[in-house]
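Q: Here are the chains, one letter per residue:
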Amino acid sequence: MSAAHAADTPTYNARQLLVPSYLTGAILGIVGFLIGHWYVAQYIGVGHDEAGPNFTEQALVIGYILALVGWLIGIGAFKYPITWLLARREPDHEEDLRLAGAGQGWVRYFRFTTDHKVVGIQYLVLVLIMLGLGGLGAFLIRSELARPGALLYPPNTYNTIVTMHGMLMILATITFFIGPFGNFVVPIMIGARDMAFPRLNALSFALLVPAVVIFLSIPWLGLGQSAGTGGGLQTGWTFYGPIADQTGIGATAFAFSVLLAGTSSILGGINVIVTIVTMRTRGMRWTRLPMTVWGIFGSALLVAIGTSSFTADLFLILLDRVWNTSFFYVATGGNSVGQGGGNAWLSQNLFWFFGHPEVYVIVLPAFGIVMDLIAIFSRKPLFGYKTGVIGIMGVVVLSFLVWQHHEFVSGWAPELRFWYMATTELISIPTGLVFLVALGTIWRGRVWLTVPMAFAIAFLWNFVVGGLTGVFLSDVPADVQLHGGMFVVSHFHFTIVGGSLMGFFAAVYFWFPKMTGRMMDARLGWIHFWLANIGFNIAFLAIMVAGLQGMPRRVADYDPVFATPNLIASIFAYVLIAGVAVFFFNVVYSWVAGEKAAANPWGALSLEWQVPTPVPLENFEQIPVVTTGPYDYGEPAAATPGIEHAAGGEVAG
Amino acid sequence: MSSFAVTPAEGEAHPMSQDRKVKIGMLFYVLADAAFVVFLLVSYIWERAYNTGGGWFNFKGMALPDDATSNLLLALIVLSAVAYAVAHMGIRAGNQGVLRVGLAIALVLVIVTLVWQVRFMGQQQFSTQDGTFASSWIMLNGYHVYHLAIGIFLGLALTIRAFAGKYTTERHLGLVTVGYFWYWMALMPVLMWLMMLFFPAKL
Amino acid sequence: MSDAQPPTTPPAPTVAEARGSIRRAVLYWAILTVVLELAFILLAPYLTAWQILPPAAGDRSDEINTVMWLFSVLSLPVFAMVVVFALYSASAWGSRARPRAQGPAMLVSSRFIGWWLAISVVLVVFLYVYGLAFLAQVDARPTSNVLRVSVNGEQWLWNYSYPQYGDVGGSELWLVVNRPTTFTITSSDVQHSFWIPAFDIKQDAVPGEPTSISVTPKQLGDYQVRCAELCGIYHSYMETPVHVVTQDVFDAQVANLPPAAPPAASSLVPIQLATSAQAVVPRRDTAGLAEG
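Protein chains in written order, with the numbering used here: chain A, 16 to 668; chain B, 59 to 261; chain C, 11 to 302.
Everything labelled a hint here was simulated from the structure, so no lab data went into it. What you are looking at is a predicted structure, and each value in this text was computed from that prediction instead of being measured. For every residue, glycine included, the Cβ atom is placed at its ideal position computed from N, Cα and C. One thing to keep in mind: the hints can contain errors.
[Said to hold, decoys possible] Taking beta-carbon pairs under 10 angstroms as the criterion, some of the chain C residues facing chain A (in silico):
1. Tyr-38
2. Val-77
3. Phe-122
4. Val-131
5. Leu-145
6. Asn-155
7. Val-156
8. Arg-158
9. Ala-238
10. Leu-240
For reference, chain A alone in the conformation it holds in the complex:
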């Protein structure tokens, strides 16, 4: 049936393309915000004693809610639920294709489009923008910290930059595998025509857009007020209880936007899970899934189950700020409203119950992608398929049992520390299995040193440093010294930047040809690789030294005793940033003028490389039946002592 569609591609006039689209969404969103803001000012705020000191907060939140509703109406997200409510005719395949953007050209990227490939590209661009802005934050931070003293900005501006850098990067990294690759690649990999719930998929992206817009408005909120009362965030991305209640108006925008982004992630995660569970084609058994799918599956499980606790935390903080509850206001009768009696540890626990699995949300897809790429570029089957899967799923299970290690020095439940110390150290065992598989796969491979392969190898040595420094932090006595210091900063940047971000770069270089139809420039890629890795490793080793010296995190100014490592870190952070700038240039340049890509430039075996580039609207002319695994490389004859050999065509598991 799919062949028939190409013939009668629908045509549209300009009005049909513009209404509904993101343009109408933006207009209605702004109108909604103004109405909400005006309503609160008119009927709740002015002249009412009970308005309280947080009337600005109320006006902002009501404005945001109406803006969200306006945006969703404007992009046409409510059309299907309303027709369903009114028991109208079910949309037929023709309408589904229109919603998927058939025949709409580039405009489909600016509409509520259900095609998983469009959503994947939308996610990719948004994530790159977020990464770029977060990287700008990193540049500003390292510039301030290059020398002791308040060099460039007052401390509240610095704290705002730190908070926004942290949260923007976290939002970007949570999304940067599940979003672009979970959407674009996974359905093709498993042999499906689209995600399980295409409309929900478009909705999760549509929710992320206003979240990012609201988030980026934070620096402009409360401008013109004095440093103490005005804009800015003094909280850090952890957004702990009392300080988040206390800090300026930007915190309301932060809580709302991250709540929205969290909701978007949960919906996206559920969609990915259901897609992988139910949409696999015939013959695509669980043991034939590429590792990327396993990594994204584990990550989506963590998102769907874990994010709730963070959203609950943000929800309570929002209530504290906007409707005068006192979940985290501690001192009784402590303010003009009379709030009080809250508990600060509650915020920490709610935050870290999600906050720790969140780290694995970021890194699990990277595990999968790195194992995948190493197998493909070594032209060997995975060293152990089941072993890799057990590694990933072991991390999924254990990651929910370790969060208290973020509170080893908080004073909460010190008697439980022995247990969380054990679980935290145990998590190194499944991680070790992933490394075993990766190293065993590259061993004696026909290694093709492409840019994505180089990033996959860089992942290994960067992430192992992150893991080993994690052992120091999991040990309570050492953690008592290192907690809250620059050592922690170094540790998690080794896991997230050295690990996941390198995995993301590998993934972009690898799937860019399939997503855009053009190869990324390899020469620029190698420049990017060396600048990023040299800059990153030296910068964060220097930061590790600063941490050992006793430098606290998130300081705008520091004791001159820490000057040397900070100067080194700043210089090499610039090198890293230069490398990433090359990457951004490379993306734009290659997208516009790159070499045209063949359908399968890497010689990979998984399904997404067997469809033509650009991928047709419904991916497959006919749904394929899978008879072999994605790692059926290799020559069975060669013998290695101690190692079993696969018979041709059979994969472990």
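Guided by the hints, dock chains B and C onto chain A, whose structure is given.
A: Below, chains B and C without anything else, positioned relative to chain A:
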């Protein structure tokens, strides 16, 4: 050398049915929602257990929420779930009448609960700023009200569709999946009730 | 079906070649490990002198430094293994050109995984038990001749008072060398974290929930208390001196201290920050602010 074999499948249907997809999706949605509620319930227990600075009751001498009304509201929402279950059994037995009446009753009960619940919350002598008990109580009931609002949308849709004759003994997927949400919507106040039983407002 | 696997296949490496490469890689691994270990072990004693580690001035500093030393020694071989096996493969068999053949279809044997798991478990258990042995010390509270200090974090300074000396106090901490000290820590606004890097102790100051930690200063001298939890605008300036002195000097000093002001009931003002009246004057580089 082996490679990834891609031979066309016979026919076009996916191996997994549409039903299974929607069921699993709804199940995960309810799970995520339930996890959220669990954390909200935990925050009630937590604030009560720590009672930092004696902040649990910041409204000395004022009355606690009225038990009789709370129990009545609970009974209404549980009854609504029962009505929903009856409607579901009705369509499974092929009885459109039972389906329609059951759904209508379930919907009306939820609407009544919502109105009453909001009124009940407004009648309390404490407000959000009066300590952590007041905060938690209003927050949990507020979230319940949000559930009820979603429930009204879904219930309305089901009722309209039932009267339009969209459901048959063989095909009533919407009824099954919305049911997950419906029973969860009724279960949450039960959990709240149990929590208030084991961790009563009075310390 | 794809263009990836041309039918030409060079001869597969023999068992002898495979044994040879694994021997070489293990040798490189051993060499790199030995070099790293030697460098680390030789340099480690100087880390304090070079100010890469803070002065070990508390009674548990030495033990914590030992823990970190041991962890480093155990980490280096693991790091070396990943680096050597990845880079050896990339350099021995890697090429910028598209491979014309495929690698051997090796699969891990269950015996291999068994050994791998066994070694990881042994390492983890060792680290855990080793950490557990020191955990008791973190929790230990001295009982005799204890100096008690109440610490109150406030945006953005630390207030100390000495309950045994009539609750006198101030914002500089005076401690007695070799006298066990127990801090009771709380906060009047948001969370802070009471950190003395030289003593290797850290404990959060949580509003409304007192926490405690103990240490015995071992060296005379002046050190720093730092706040390790982002607590608002002037977090980076929330740093005050600690003076470790003899009992005589301490007694004389305490006699001169004024009675500590009772901690403010609350200075947590909603939304609007408190004016920075209480804020310490930035401790250094006020000139830098002007210049910047």
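Q: Could you run down the list of hints and mark each one as holding or not?
A: Hints, one by one, checked against the model:
This hint is violated: Tyr-38 of chain C has a C-beta 13 angstroms from the nearest C-beta of chain A, more than the 10 angstroms allowed. Taking 10 angstroms as the C-beta contact cut-off toward chain A, the hint placing Val-77 of chain C at the interface holds, the least distance being around 5 angstroms. Restraint check, Phe-122 of chain C versus chain A: the minimum CB separation of about 6 angstroms is within 10 angstroms; hint holds. Satisfaction of the interface hint for Val-131 of chain C is found here, the shortest Cβ-Cβ separation to chain A being roughly 7 angstroms, below the 10 angstroms cut-off.
With a cut of 10 angstroms, the hint placing Leu-145 of chain C at the interface with chain A holds, because the nearest CB-to-CB distance is about 5 angstroms. For Asn-155 of chain C, the interface hint is violated, since its Cβ never comes within 10 angstroms of a Cβ in chain A; the closest pair sits about 23 angstroms apart. Interface hint status for Val-156 of chain C: violated, as the beta-carbon distance to the closest one in chain A is roughly 19 angstroms, over 10 angstroms. Taking 10 angstroms as the C-beta cut-off, the interface hint given for Arg-158 of chain C is violated, the closest approach to chain A being about 17 angstroms.
Evaluation of the Ala-238 of chain C hint against chain A yields a held restraint, the C-beta minimum of about 3 angstroms falling below 10 angstroms. Taken as an interface hint, Leu-240 of chain C checks out: its beta carbon lies about 4 angstroms from the nearest beta carbon of chain A, inside 10 angstroms.
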